[in-house]
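Note that the protein sequences, when read in sequence, are chains L and V. If you're matching positions, the first sequence starts at 1 in the working numbering and goes up one per residue. If you're matching positions, the second sequence starts at 1001 in the working numbering and goes up one per residue.
There is no bait here: all hints are sound.
Derived Cβ-Cβ restraints for the label pairs, each shown as a range:
(1) Thr44/L - Lys1340/V: 17 to 27 Å
(2) Arg337/L - Ile1080/V: 48 to 58 Å
(3) Ser330/L - Asp1095/V: 50 to 60 Å
(4) Ile1212/V - Arg144/L: 36 to 46 Å
(5) Ile1080/V - Arg155/L: 35 to 45 Å
Keep in mind that the hints were calculated from the coordinates and are not lab data. C-beta atoms are modelled at their ideal positions from N, C-alpha and C, and glycine is treated no differently.
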Amino acid sequence: MHQVEIATTQETLLDSPEMVLNMGPQHPSTHGVLRVILKLDGETVIDLDCDIGYLHRGMEKIAENRQYTMIAPYWDRLDYIAAVSNGLVWVETVEQMMGLVVPPRAHYLRTILTELNRIASHLLWLATHALDIGAVTVLLWALREREEILKIFERQFGARLTCHAWRIGGMPNDAYDDFASDVRRFVSNFPKRLDEYETVLSENRIWLSRTVGIGVISGEEAVAIGLSGPALRGSGVAWDVRKARPYAAYADMDFDVPLGENGDTYDRYLVRLEEMRQSRRIVDQALDNLPDGPVNAKIPKIVKPPAGDYYHSIEGPKGEIGCYLVADGSAQPWRLRVRPPSLINLQALRQMCVGHLVADVVAIIGTLDIVLGEIDR
Amino acid sequence: MEALIALFAPINFIDEILLKFFSPQTVNNVVWPFIQIGAVVTIVAGWVAYATYLERKISAFMQARLGPMRVGPWGLLQPIADAIKLLTKEDFIPDKADRGIFFIAPYIAVASAFIVMAVIPFAPDWGVITDVNIGLLFVLAVSSVGVLALILAGWSSNSKYALLGGLRSSAQMVSYEVAMGLSLVGALMFARTLSLSGVVNAQAIDSVWFLIYQPAGFLIFLVSGIAENNRAPFDLPEAESELVAGFHTEYSGMRWSLFFMAEYAAMVVVSAIAVTVYLGGWYFPFVHRLTEANGHHNLYVIVSLLVFIAKLLAVLYLYFWLRWTLPRFRYDQLMDIGWKWLIPSALINIGLSAFAVFLVQALDGWRGFKTIDSISAGLNLTPAGKGIMIAMGLIGLGITGWLLSKINWRSRDFNLRLQRRNIRLVNLPKGKPAVPPPAAAES
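Okay, chain V solo, but in the shape it has when bound (with noise of 0.2 Å):
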């Protein structure tokens, strides 16, 4: 233990130098905001390339085959070659190319994913960059400005692949963002604020996952989160064996790795939501017990973002298996599951909290009957609460499935094993033989 904590000395003793130089006051909100940034960026765009290897070698071990294996031990050194690669290649411009919507938008593509981490609570205390109160707001509104780099990249190429894909990607990502928005809703009437910080401390105090109050919610999410990041089977704008490579098959070199880094920081950022709103975020059971009640609060931090970075690979675990097991969904059908089935249940949803939470309330101070501890960091539930709040989270996703069976008996695509019938199997009579048997030819 005194050797763990030896380990974050070295916090306290930036901390002591810093303090030598600069005002307190400049030192937390100027310096340490510059390092964390500086830490964050640089672990994200470390991870993108390594989520490539994982990538790989997860997609390897699915199909019966090693992955990456030649460059460092196990491969491991493959991200760094593929960089060098990357970094090395023509940056090639078609000629008829609108040169300069051409050169940005592959900025415009890491920025908007780059920038949402800014407020995703890591870690308790500096493991938050900034706690704006507004904070999924801000989640939403940005990640959403990475449409445009999509679609400018498109239309720049003068490409018609590249046509095809940025026109399908801003359709997708503008109705699958409605859906995404709309699921988060149920979860914030728990939380009572949109701070992404305020919202992993009440269920730190409440100790629960919003997961088990909002199954619904999350299972929208999570479809729409891995739709708005355009992965597999939502990957139609850069669906391989249609359009080629979508809107980015005009992009060489480091602009086309651009794209993909801001994939995997999309991905990166979607997960984190789902965690920060879902999961817990950092908060696990008995770490606050073990630790900064003890009085190591480093030890505590370091804890929470390991149990943060745990999550998120679950999350990110998530998306890999979906991509290498399932097959790709057609235009018009990712838009039926948008609008017909994501919008309506998130709509649901937000119905069926609304009535959770209103019941749980009315329900307090019935005859004494106690329902809820405070409402001061979201709505702290006493365990007959929660047990009411599980128990309508459960009601509501058969509510929610059942009305939307109902909405969707009609459309084409529902229920398809049904409407068919296997193949039969006729043992048809043989004809005459064209090679006479060797028997016959014989005598």
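The shape of chain L in the complex, shown without the other chains (with noise of 0.2 Å):
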């Protein structure tokens, strides 16, 4: 990774115009463990760095040692925010390496609840975007609407965060008596409530002045760094998982993908905004559409796919998270690897922050939506 330079000497120190502010680890705004070493000269950043990995847990060494069915956990701890879509990409890969053929039931139960959670996730975004630029009440609003998310999670799996919502070839058990009913209601009620997020935030002066030309990156920039998900859309960058690779069921879904076209904040505020609103149409229609029948597949007792490699990927809330898995044949994987989006996301963080002020690189953290958890695995 890049490196700041640091001036040592006190002679050095004196004669520059420039200080060395270290934002992090421990800040109100990071967002988690990251810490940024800024350069600064008055407030405006001339240089920064990141550093990382005061959250590493070798979770994908630690999946070389775990049996197939029991690394699922695992990948909840890495998107905390969006536990339930990124258990998905794991079950996913497992099934289509050993050809599993998973009840469409099931299939659609998955889109409706991680389109709930990419919702979620949505929502804590925003929360900690608006606070980040001073917005205290739409974080209590947004986390008010992504309760009533946990709620029917915590029904559905029995814990909220944290959720194990998959296992291989299906589903634990099948939706609860009144999910239906629940995630009609939650449907119903939300877009008034984006509605009352937008009159706060989307007209505000203070706020468009916050964010229109902040963290500008050009669509071509946002390619060669890999960005994904809707920091690469506000770039204007047709690219959607769901749409390129339909996995789950959104293959039957009819959705619109939002594109921004300055590549700045206030774009991919405007993006995410407007996925939340599409997501709402994916749940209505996986809703209406649902089959019954069984919501699990006929799997083996020890789950050993065939020898070979495999890679697959969704798009989770903060963009394309993928899996690479190696098998040997064993009940165990040879290796594991991540394809991270908030760590691949991170990388734009200096050529976004460059030229701008402090209250900027807080802002642009926040519309990276970055979640350390999986930046440091």
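Please dock the two separately framed chains into a single complex, following the hints provided.
Right under this line is the structure:
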């Protein structure tokens, strides 16, 4: 990673107009234990460097010593905001390697629940992003809506955050009795609430002046860095794994992909808000067409994918989360590699921040929507 | 009514007792002021504690939650619990801090905020601690000493975050003080005095609030007052998300809470000035006629005091409301607003107000047209004069807005919404499925 040159001797420190500011790992708005070393001229950022690894747990290595069914809970703790989405990429990878046929009802339920998780994740992003820019009330409003989704998760999976939602071959159990009505209630209330957030922020002069033209990244640069998810679509690049390589039941869904134009923080904000609306649309459709039937495929007692390697990715809330799996035919993977969207999106931080002020760094970290659990793994 | 009057008997009673021990002069000039100062300091200190409670409750009301509920009924004892916690906390001083300055900074902050209370007319007669004839100048002078405390705190902490906070606050408060001082000039042309009691009297005799003569001035004063107090959306010196806590990052325990008290006390001061100068102070229609005219002097003072407090609370509510609604400005945008919007508009306002006053004076006596009643206490206008003045105020608001947009139309932040197009929605073509559809796989 790029290194910030830090003046060390007394003389250079006194002579230079620059100041090195350590932001984090304990800082209210670096979204966890990210440490950003800023080189400032006054308040203008001239250089920065990210120091990561404070949350490293060696998840990929641990996975080499676990059976396939035992690895799923570790995935929940990657992007802990969107545990349901993370879990999906893992089970689908294994299913596809083994050639398991998952019943359509499971596919539909997976679609509904991952989209709800996307809404929950985007709501938490909105909450913290608004908090970073100073709009505290939006934080609690967004968390109120997220609470509704977490209640559904709690009833369905028995946990709110680290759900361990899926099993290889389907789902642990069918949707609970009031599932459809609970989801319908949320879906019918949600657009109204989303409009409320928009009235507070979208037209707000201060919000506009804090986000328009901040952290601009062009489509080409975004592709070169490998950005994915809303951060990529905010720059106007039309790429969505749900459309490009449909998984679960997305091939049957009808939805639009929002694209920004300027690639600034405001565009990414609008893209995420619109994605929540589209997610709601998908949930609505999936509920309408929810097929009956079993939710589990027949799977062997010990899951043993055939030897070989396989890559599968899904559109997580933060971006394209992928799983590269090398199996040697035993009950444990030979090597597991995660494609972490947050880590790759974070690479754009320096390019976005240089030339802006300290306050913008906070806004840009917010707009990248990073989760340190996934960056450090 | 009799019962109400009986409530105020103790005041006369204390007065009688005091007169037995001291000469009337000492009682009026020394003993009563001390009682008043004690009362004001106690009440404001108590208010600061309960303002935190009020703020938490109001923010909770806005954010769909309950706020403090555990300590006492409806959490009413929460401020007391907080105070005990803060008093018993370790008073931590960083290793490399400049100890002397680090110690003294919070006291400067509190002192400068509380001293200003001395000249504020809370009510007529004994509701005024002291009436300085340069009251407003005194207020502006003393409250700007508060900046010193923030700079010292930021500097002496020997922390980069605190230093940045201190620098921001000095730049912010210095530039907004200018706009604040200039915005008051318009109102002073009507009051014709700098004494705060004089300003209220001018409004009471004329039975108007200067707000209706000076809508532009009031808005400028309010915005720069909020900025001067470092409250959201101008709370950059202590911007939590960027600078951790700004200038008081390194403070803890009671010293930290002194800064907190200073902030709330300064809020009270600025709101009190806003109420005094623009909202008529303790004056409210009919109060004088119903009480003083019937011979109930103390009742008159008490009701006026309540009127003042009610207005004060209304302005303070505005503070809380803005804080919990708006995002925070960025440092350079804040300077833009100060120098490109508020100071020019304050200057334009002075010019327009002067012209309005000149116009009213020129029209007085023109073909038997009468606009001015008297100029003994402020500018007392006849209804016709008032009409002209109100019209001029509204026209002034329009002219100020128009001129400002002419000045600023090139700036980056001007009308950002119009420069933006919305995002577009595309229905991307569907690719080859990663997961083979179940039906296809089965066949």
